[in-house]
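Protein chains: 4
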Amino acid sequence: MSKIRVAVVGYGTIGSRLADGVAVQDDMELVGVADVAPNLSLRALQEIGAPFKVFFVDEEKKDKFAAAGVQLAGSLDDLLSQVDVALDATPGGVGARMKDLYSKHNVKAIFQGGEKDDIADVFFHGYANYENGIGKDFLKLTSCNTTGLVRAVDALDRVVGVEKVAITIIRRVADPGDTHRGLVDVLQVEKVPNHQCVDLMKIMPHVQATGLLVHTPVTHGHIINLLATPKEPIGVEEVISIFKQHPRIRVVKISDGFDSNAAFFQYARHLGAKRADMYEIGVWEECVGLSGNDVMFAIYIPQEAVVIPETIDGIRACVPMQTDRLEAVGLTNKYLRMQARA
Amino acid sequence: MSKIRVAVVGYGTIGSRLADGVAVQDDMELVGVADVAPNLSLRALQEIGAPFKVFFVDEEKKDKFAAAGVQLAGSLDDLLSQVDVALDATPGGVGARMKDLYSKHNVKAIFQGGEKDDIADVFFHGYANYENGIGKDFLKLTSCNTTGLVRAVDALDRVVGVEKVAITIIRRVADPGDTHRGLVDVLQVEKVPNHQCVDLMKIMPHVQATGLLVHTPVTHGHIINLLATPKEPIGVEEVISIFKQHPRIRVVKISDGFDSNAAFFQYARHLGAKRADMYEIGVWEECVGLSGNDVMFAIYIPQEAVVIPETIDGIRACVPMQTDRLEAVGLTNKYLRMQARA
Amino acid sequence: MSKIRVAVVGYGTIGSRLADGVAVQDDMELVGVADVAPNLSLRALQEIGAPFKVFFVDEEKKDKFAAAGVQLAGSLDDLLSQVDVALDATPGGVGARMKDLYSKHNVKAIFQGGEKDDIADVFFHGYANYENGIGKDFLKLTSCNTTGLVRAVDALDRVVGVEKVAITIIRRVADPGDTHRGLVDVLQVEKVPNHQCVDLMKIMPHVQATGLLVHTPVTHGHIINLLATPKEPIGVEEVISIFKQHPRIRVVKISDGFDSNAAFFQYARHLGAKRADMYEIGVWEECVGLSGNDVMFAIYIPQEAVVIPETIDGIRACVPMQTDRLEAVGLTNKYLRMQARA
Amino acid sequence: MSKIRVAVVGYGTIGSRLADGVAVQDDMELVGVADVAPNLSLRALQEIGAPFKVFFVDEEKKDKFAAAGVQLAGSLDDLLSQVDVALDATPGGVGARMKDLYSKHNVKAIFQGGEKDDIADVFFHGYANYENGIGKDFLKLTSCNTTGLVRAVDALDRVVGVEKVAITIIRRVADPGDTHRGLVDVLQVEKVPNHQCVDLMKIMPHVQATGLLVHTPVTHGHIINLLATPKEPIGVEEVISIFKQHPRIRVVKISDGFDSNAAFFQYARHLGAKRADMYEIGVWEECVGLSGNDVMFAIYIPQEAVVIPETIDGIRACVPMQTDRLEAVGLTNKYLRMQARA
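Residue numbers (the working numbering), protein chains in the order written: chain A, 1 to 342; chain B, 1 to 342; chain C, 1 to 342; chain D, 1 to 342.
Just to be clear, a hint being listed does not mean it is correct.
Given that identical chains are not distinguished, each listed pair holds provided it fits within a single copy or across any two copies.
What the hints assert, rightly or not - Calculated pairs, PhoX-like style, for lysine-lysine (alpha carbon to alpha carbon, straight line, at most 25 Å):
1) Lys61 <-> Lys202
2) Lys64 <-> Lys244
3) Lys53 <-> Lys274
4) Lys253 <-> Lys61
5) Lys116 <-> Lys253
6) Lys231 <-> Lys164
7) Lys116 <-> Lys62
8) Lys62 <-> Lys231
9) Lys3 <-> Lys62
10) Lys191 <-> Lys164
11) Lys191 <-> Lys64
12) Lys334 <-> Lys116
13) Lys62 <-> Lys253
14) Lys99 <-> Lys3
15) Lys99 <-> Lys274
16) Lys253 <-> Lys64
17) Lys62 <-> Lys99
18) Lys274 <-> Lys334
19) Lys164 <-> Lys61
20) Lys244 <-> Lys191
What the hints contain is simulated information worked out from the structure, not anything from laboratory work.
Produce the entire structure from the sequences given, and follow the hints as far as they go.
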């Protein structure tokens, strides 16, 4: 089978990471990336030797790339004419305008969580509902929080069954370096239930979910505290064991120094991962507990990179490259070097 | 009945507020406040005309008060010889050393949450276990989070009964102006269960509690998200109604502008409360929801002032000034101008 | 002379404080305040007994006041028909639209720093160029940073003459409780020179100014570090003495506990000032130093309240109530209880 | 010449980066790193295949490494017996205790800025006073702020001569992930002059320096605003040109997206640098300006990595490997891939 050709449209926080993720998949070819302007990510890409081809979106802003020393390989139309699948990583809401273009080029597309649900045929999560995405033209990924949330709940659900979850999202309000949004010395609350619960129920309709979301002035990842009602009693050790066996969940200990969301970020820096990115969600062993039969556990969501694996799963589903869920996610994991640690 | 004479030992964050709270109780007399050094609170007290008498703790540091222009009325011994009850608001752990002094002067004492439980005869909360404190020599108050937590759970419990609670504490890590502690761009987690759950079960042994605590880089109050399992089903409106009828709970709406912890602080500033202090815990109407039969609701804890009413209740119990719980808390509320808004 | 009748248009961060400031001027009458919606400040105003009359701006949104329990005394037109001077505290840019209304009612108006300079006849500062505002119809106040900056530079300039200043503004990026703006873990820089330098030169054209502004994720006041080149050598003690003699400058010591911007806020809380407001700028004695003949000193700018005195000076100038600068600012100071501490 | 053998003692924020820096110097051999406990950096080192040998410091805590899966190559004594130079990156103050050990093993040592000056024969900066370090047994590096400050001032000084500098340090108060220190919503001031000025004068005794330091609640690097008095007039373009020609200074534009300290960090993440480390200090073109003849410019200090190049210069000096300043720093730069961009 020849390699599936992929374009990444939008080279920002998510797009730049999607490009790296696709580039290491042996059965995919990253044909190029497109953006409207030579942002810092693209300037850095040029400084390290331009490993990816760059395409411009807007003819009128083409000159800015030259001024920034960023070489262009053509227009977005040129790019789309060469690919099978487009990963749309444009700002929330822009994807809807891009959809016609993808259709025109007869290219399948995967949208991110910032778009409305009706943009796509399927609201998709690689582990939880892979089958629904097989062969579809347009998929929409879950947002970063929902992606991680579903990953964890699905892991438990496939072993013991989960009846309902009540969650508290302690949300990072900005990405590192953002100057266009933020909070100072404020915990901002949103109405119960938050949209992530609603989204979880769309992906996993057999689970009842509600929750509160609180925005906090930090950048290095969300923390979600869950209270899951299992269909049968389960012990703390068993819960930890289930998570340890999941290739996309990293179980750590506070006593080892993982005492915060930022500790994961620091650890990833020391691992030498590009941008200190981490694809796994985290679980603290000491933060798993029981409330009667309900299981309490907290997860860490690295908001910048967590959706990369599930988006790549989406490519596998929509083409389709694989029709078996575990084969598909297994390949994504293999190429991203994610593996169970238990 | 003559007024009960009260001393406040330690004029910091809690002590300065206890002094103001006692000063407005018609049946109490604030004899004076004591501290080891002329801190900013004492300097400000002097600038506004020295409404309270100030006593020194340490003979050797006496001169510092003069240098700061703070007039002294005598030593801590002098102060304790004139009072019935001492409110200990010294830094955590110091109270244990003060206890002998209180005993020597035959003065009853109420310690704050930073002390160990065994310092006191009773671990006390005005609304939840007033009876246990009646006539005792030494009481220990719950910490700020536990005080608010118990207030809310007790309110529900007395109406429908509460079986268990699972909580997530989103904790402010420093008080405004603190330079001796803090966090930057970090959400620090602690082991499940946090001590506030354990403390709640000491005060309300019939309720099972567990929870997670996450430190966040803010100063204007904690937020706790609770999932309470009631003994019988209860609706959202009923829960809101119960809270509205409680004189120490303020129910607000996000849609009115109360969209954060800091909104309460801002509101208190506009109310003209001294130091923008608020004795009530807060509840957001839009953050009350159901998860099956379980009730989810979030409370706001103004960490600097929330323990003042319950500490004053403690004076009423230990003397005892009142033996009836509702009479006692009712008087505290009346003098602090706290009342139900429903 | 009968009292000058004043309206405050916009009851937000600045407007609510202007109202309080005007209300205590014995020679002025606060006729009322107007706003488009019952924000938290107005709700709090109602809760404390509605000391000021409230007028609505927008007929269509009138019902919202009733829903919030805020009693109305009439429309903005009603208010303007009863006053001599309007203090415009609407959001930046809105003032320009209000100007016609003020003209129509033949009311003088004072705009805040968020408006463009050409909205007014004079760019005004009570201490530095009072004379320029006398009898004018429209004044524009300097922004919070510029107000404090000019206060300090003018103080030095009147004693020794200041040739030039080079400044570094360490700017608080949001007010307490703001959720519509903010920064997290970022120091955002702006081009040299910042607008405050340019503004200073408009008010004090004989002083050359340049500087850098850096936004920082805090809420309790700006800090500006200045390097002023005096016309003749001056010692550290003399500089401190000049500041101590200024009624709108508070000189403090780090060694007394004033170790930050927030320490001033905390101190004001303990003083019992409404909202913990402080009209004075602050100077730390230990932060005054020399660099050759140049004088380095840092000032604290309480961004919420600092412009109140100079705005009230503006009322005195534009009517005019006083034609002598020192008489005018002296009256403002007297009624605001500001006085030299040397 | 055989390779100079180097040990890194302390594998924390600085030590882990020193190890990486030494490892890429073709004329040096990193024999190993030592620490007292298997911290997160060492655990990550193990996870990526243990590229460096690890030695334990404390016999009693040896078992913890095994428990963490970190393989040991021996004791600190074993390590020191195999090297020519030890880079001491232990916590501030510990270095003094280590000095005897280095002497015992006849190993030269380079201490970091947290130690007292008298620990070393020379207070060292690779660019500014390389000659003073040649052949010495013990060097002490400047702290991160001083290292960057001296780099920039020395660059100007060698071209036009600098008479004096007045600086404002806007200091990050914690490193990413720190939970043992921090500030929330506070700008903490320190006395004028700050120690960095005093340190600069020790390295460059012919330059007069003073300044203010303000701690701010951020983690991604300090910003220093300087006002330098040159010996002869110099234009903005010339200043920018001098900085562009310096291999350890990166000149950027706000208009390109570098609008903050964190923008440098983000850019380094996209460059793929390990841990997003950046050795260069930054300068914003738009933040260079003139105040009369004085030059104002702001520099960015990446506190975690900025001292690595100068520390490696120190190895070259103390052995000595090179006696020519420019040859030495040129080799360090070459191996660290730092080069002028003009």
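Right, here's what the structure says about each hint:
1. Proximity of Lys61 to Lys202 under the C-alpha cut-off of 25 Å is found in neither arrangement, the shortest distances being 39 Å within a copy and 38 Å between copies.
2. For a Cα distance limit of 25 Å, the shortest separation of Lys64 from Lys244 across copies, 22 Å, qualifies, whereas the shortest one inside one copy, 47 Å, does not.
3. Taking the closest pair of Cα atoms, Lys53 and Lys274 come within 25 Å of each other both inside a single copy (19 Å) and across two copies (24 Å).
4. With identical chains, the CA atoms of Lys253 and Lys61 are at most 25 Å apart between copies only, with a shortest distance of 19 Å across copies and 49 Å within one.
5. For the identical chains of this complex, Lys116 and Lys253 are neighbours neither inside a copy (37 Å) nor across copies (27 Å), given an alpha-carbon limit of 25 Å.
6. Taking identical chains as interchangeable, the C-alpha atoms of Lys231 and Lys164 lie at most 25 Å apart whether they share a chain (9 Å) or sit on different chains (19 Å).
7. Taking the shortest Cα distances, Lys116 and Lys62 never come within 25 Å of each other, neither inside one copy (29 Å) nor across copies (35 Å).
8. Taking the shortest Cα distances, Lys62 and Lys231 never come within 25 Å of each other, neither inside one copy (57 Å) nor across copies (45 Å).
9. Neither within a single protomer nor between protomers do Lys3 and Lys62 lie at most 25 Å apart by alpha-carbon distance, with minima of 30 Å and 50 Å respectively.
10. With identical chains, the CA atoms of Lys191 and Lys164 are at most 25 Å apart both within one copy (19 Å) and between copies (23 Å).
11. In this assembly of identical chains, Lys191 and Lys64 lie within 25 Å of each other by CA distance solely across copies; the values are 21 Å between and 42 Å within a copy.
12. Taking the shortest Cα distances, Lys334 and Lys116 never come within 25 Å of each other, neither inside one copy (31 Å) nor across copies (50 Å).
13. In the homo-oligomer, the alpha carbons of Lys62 and Lys253 lie at most 25 Å apart only across protomers (20 Å), although the nearest pairing inside one protomer, at 49 Å, exceeds that limit.
14. Only within a single protomer do Lys99 and Lys3 lie at most 25 Å apart by alpha-carbon distance; the minimum there is 23 Å, versus 59 Å between protomers.
15. Neither within a single protomer nor between protomers do Lys99 and Lys274 lie at most 25 Å apart by alpha-carbon distance, with minima of 30 Å and 37 Å respectively.
16. Within a single copy, Lys253 and Lys64 get their C-alpha atoms only as close as 48 Å, which misses the 25 Å cut-off; across copies the closest is 14 Å, which meets it.
17. When the C-alpha separation of Lys62 and Lys99 is checked against a cutoff of 25 Å, the pair qualifies only within one copy, where the shortest distance is 22 Å, while the shortest distance between copies is 43 Å.
18. Taking the shortest Cα distances, Lys274 and Lys334 sit within 25 Å of each other both inside one copy (17 Å) and across copies (22 Å).
19. Taking identical chains as interchangeable, the C-alpha atoms of Lys164 and Lys61 are never at most 25 Å apart, the minima being 50 Å within one chain and 42 Å between chains.
20. For a Cα distance limit of 25 Å, the shortest separation of Lys244 from Lys191 across copies, 19 Å, qualifies, whereas the shortest one inside one copy, 33 Å, does not.
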